[in-house]
Amino acid sequence: MSTAAEHVDSHEGGHEHPSDAKYIQIAAILAFVTALEVGTYFVSIPGEVLIPLLMVMMVFKFFYVAAWFMHLRFDSPLFTKFFVAGLVLATVVYGIALTVFEFWHKG
Amino acid sequence: MADTAAVSHGHGTGTGLSNNKLLMWVFLGSECLLFGGLISTYLIYRSRFGDGPAPGDIFDIPFTSVSSFVLLMSSLTMVLALAALQRGDIRNNRVWLLATALLGSLFIGGQVYEFTTFVREGLGYTTSPFSSAFFTLTGFHGVHVSLGIIMLMSLLISSFRGTLTKERSETVEIIGLYWHFVDVVWIFIFTVIYLVPSPTS
Numbered sequence: 001m002s003t004a005a006e007h008v009d010s011h012e013g014g015h016e017h018p019s020d021a022k023y024i025q026i027a028a029i030l031a032f033v034t035a036l037e038v039g040t041y042f043v044s045i046p047g048e049v050l051i052p053l054l055m056v057m058m059v060f061k062f063f064y065v066a067a068w069f070m071h072l073r074f075d076s077p078l079f080t081k082f083f084v085a086g087l088v089l090a091t092v093v094y095g096i097a098l099t100v101f102e103f104w105h106k107g
Numbered sequence: 108m109a110d111t112a113a114v115s116h117g118h119g120t121g122t123g124l125s126n127n128k129l130l131m132w133v134f135l136g137s138e139c140l141l142f143g144g145l146i147s148t149y150l151i152y153r154s155r156f157g158d159g160p161a162p163g164d165i166f167d168i169p170f171t172s173v174s175s176f177v178l179l180m181s182s183l184t185m186v187l188a189l190a191a192l193q194r195g196d197i198r199n200n201r202v203w204l205l206a207t208a209l210l211g212s213l214f215i216g217g218q219v220y221e222f223t224t225f226v227r228e229g230l231g232y233t234t235s236p237f238s239s240a241f242f243t244l245t246g247f248h249g250v251h252v253s254l255g256i257i258m259l260m261s262l263l264i265s266s267f268r269g270t271l272t273k274e275r276s277e278t279v280e281i282i283g284l285y286w287h288f289v290d291v292v293w294i295f296i297f298t299v300i301y302l303v304p305s306p307t308s
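Here the protein sequences come in this chain order: A and B.
Letter by letter, the first sequence follows residues 1 to 107 in this note's numbering.
Letter by letter, the second sequence follows residues 108 to 308 in this note's numbering.
Here chain B stands alone, though its shape is the one from the complex (with noise of 0.2 angstroms):
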């Protein structure tokens, strides 16, 4: 079992690294070229929206300013949960976890809703190409905030299963690492999608 544990911190691997952190970094890097992917094809279509409406017709700013601001200040709680259980704090690590998935979800509350407002609009994801690779992006996003979210809810039931210790802190840096990720696409998405002035009909 401490064996286990001094290869995944990197003691006795032929890099002297961990292995476990090393295979997130790679995955990654691989996503790089996913979320590359769907932002050129967004950028390619985003003027090919017929007759649906525009995405400068459409793109509430102001809302989605604010739920970039939540995404952002839950980067802030992640490492904040990290650094606590470095120290040893269990408490204050899962105070600041539960902070990072309650963000997370209102990130995605706010999807939910920005989504169905567009359809009500008429803006579904057949509607245009543009529709279409606006939602598969923002989709593709939302899939991997849920899926931190779940992470972060296991990182939970662990902690209070009290198999969370500092000595496994490098579970949560690994998760860290892909939310911090989440949030750095977001960063693109947000500059890229909706601040950069878009067509209108």
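The shape of chain A in the complex, shown without the other chains (with noise of 0.2 angstroms):
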């Protein structure tokens, strides 16, 4: 079995970063869910069903592509903290104008 000291390389910065066979894994992982992803535009799925696994989808490639790409799961949480501060508030303030545009009600 592996553990996840097998997956890491160290460099001059300090902190370890995965090896290459790890970043290909991953990005197979990715390459995967888009797979599923555009597979929903083929197969005729309620519209209830569809739109939150869409967006379940979307959340698990981004959190994905920020955590070992990005390298947050490897760095200093101050990076990870100013990010999702842009990330909430962004999120915030245009759900808020999404709201005031009736958008939820309109579809």
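Hints should not be assumed to be uniformly reliable.
[To be verified] Taking CB as the label site, the calculated pair distances span:
1. A:VAL49 <-> B:GLY121: 46 to 52 angstroms
2. A:GLU48 <-> B:MET260: 22 to 28 angstroms
3. A:ALA67 <-> B:SER265: 38 to 44 angstroms
4. A:VAL49 <-> B:ASN126: 30 to 36 angstroms
5. A:GLY95 <-> B:PRO169: 18 to 24 angstroms
6. A:GLU102 <-> B:SER253: 31 to 37 angstroms
[Unchecked claim] Chain A side only, calculated, beta carbon under 7 angstroms to chain B, not exhaustive:
7. VAL38
8. LEU53
9. LEU54
10. TYR64
11. VAL65
12. ALA67
13. PHE74
14. SER76
15. PHE79
16. GLY86
17. LEU87
18. TRP104
Calculated from the structure, these hints are not laboratory results.
C-beta: ideal position from N, C-alpha, C; glycine also.
Since each chain sits alone in its own frame, please combine them into the complex, following the hints.
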């Protein structure tokens, strides 16, 4: 059984990063999820199931790229805080804007 | 010179972190607000297509899916470029940087093809509120990808001049952060704009 330590290399910056094999594994997972997303276009799924399903896959891909490729998983939590602050602020501000424009009722 | 490199890696800064990297993360946080505004505007206007083509009639999902896959894979090549430089493997760093720039260019080529097809089918920038919001959002994203390609090419030039070394890997890391951000923004755009069922005429 492999351990997490086998998947990481260290470099001069001090913190450890995954190996090339691990990056390829992450990309394969992302490609698979993208294929699932695209697959929903070719099958008939009711909107009330399809939209939450697509949102879950989108959020999964987003956080996977941010955590592994952008190294938020390994870097200082301060970087995550700055990024998440912008993300949360954008979500709240534009959530309110969409509500004001009655987007949720009109679809 | 050595002091500058130390500060850029976070040694000797108030936070113990690289100021350049911190600045890039603050910038990316602010970019969330820019793209959030553009995506929200699109969502508000996507049903207002008037007499012009509707989004559900004009989007080519299989074509855009291939473009999305290309951009996603460019994130892999970018992170492999960084990993190679951090190991001191200059040759592979160049190969992966070039691969990333080529994949980015392929994505931009696909976007240019998509835009010209839409214009031929009667969807211009001022055709409807939907078309304006769509072209503004995807156009802004395309400009970001294009700027990323320019930065990647400048890294390649630095590498061939011998100035991009293992000690300066943070430069690649920071440009890589920008590139991955452009990729995650497309993850949002692809799902919300293309895959979520759109209105038809």
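Taking the hints in turn, this is what the structure says about them:
At roughly 50 angstroms, the beta-carbon separation of VAL49 of chain A and GLY121 of chain B lies within the given 46 to 52 angstroms, and the hint holds. Checked against the given bound of 22 to 28 angstroms, the beta carbons of GLU48 of chain A and MET260 of chain B, roughly 46 angstroms apart, lie outside it. A hinted range of 38 to 44 angstroms is violated for the C-beta pair ALA67 of chain A and SER265 of chain B, which are about 29 angstroms apart. In this structure the supplied range 30 to 36 angstroms is violated for VAL49 of chain A paired with ASN126 of chain B, their Cβ-Cβ distance being about 47 angstroms.
Checked against the hint of 18 to 24 angstroms, the C-beta distance between GLY95 of chain A and PRO169 of chain B comes to roughly 32 angstroms, which is inconsistent with it. Taken as a hint, the range 31 to 37 angstroms holds for the pair GLU102 of chain A and SER253 of chain B, whose Cβ atoms sit roughly 36 angstroms apart. Taken as an interface hint, VAL38 of chain A checks out: its beta carbon lies about 4 angstroms from the nearest beta carbon of chain B, inside 7 angstroms. A least Cβ separation of about 10 angstroms between LEU53 of chain A and chain B goes past the 7 angstroms threshold, and the interface hint is therefore violated.
Interface restraint check for LEU54 of chain A: the shortest CB-CB distance to chain B comes to about 5 angstroms, inside 7 angstroms, so the restraint holds. Because the smallest distance between the Cβ of TYR64 of chain A and any Cβ of chain B comes to about 9 angstroms, over 7 angstroms, the interface hint for this residue is violated. For VAL65 of chain A, the interface hint holds, since its Cβ comes within 7 angstroms of a Cβ in chain B; the closest pair sits about 5 angstroms apart. For ALA67 of chain A, the suggested interface contact is broken, since its CB lies about 11 angstroms from the closest CB of chain B, more than 7 angstroms.
The closest approach between the C-beta of PHE74 of chain A and any C-beta of chain B is roughly 12 angstroms, which is over the 7 angstroms cut-off, so the hint fails. Here the hint on SER76 of chain A is kept, as its CB sits about 5 angstroms from the closest CB of chain B, short of 7 angstroms. For PHE79 of chain A, the suggested interface contact is upheld, since its CB lies about 5 angstroms from the closest CB of chain B, less than 7 angstroms. Residue-level restraint check for GLY86 of chain A holds (minimum Cβ-Cβ distance to chain B is 3 angstroms; threshold 7 angstroms).
Taken as an interface hint, LEU87 of chain A checks out: its beta carbon lies about 5 angstroms from the nearest beta carbon of chain B, inside 7 angstroms. Annotation: TRP104 of chain A was flagged as interfacial toward chain B, and the flag is violated, the nearest CB pair being 10 angstroms apart, outside 7 angstroms.
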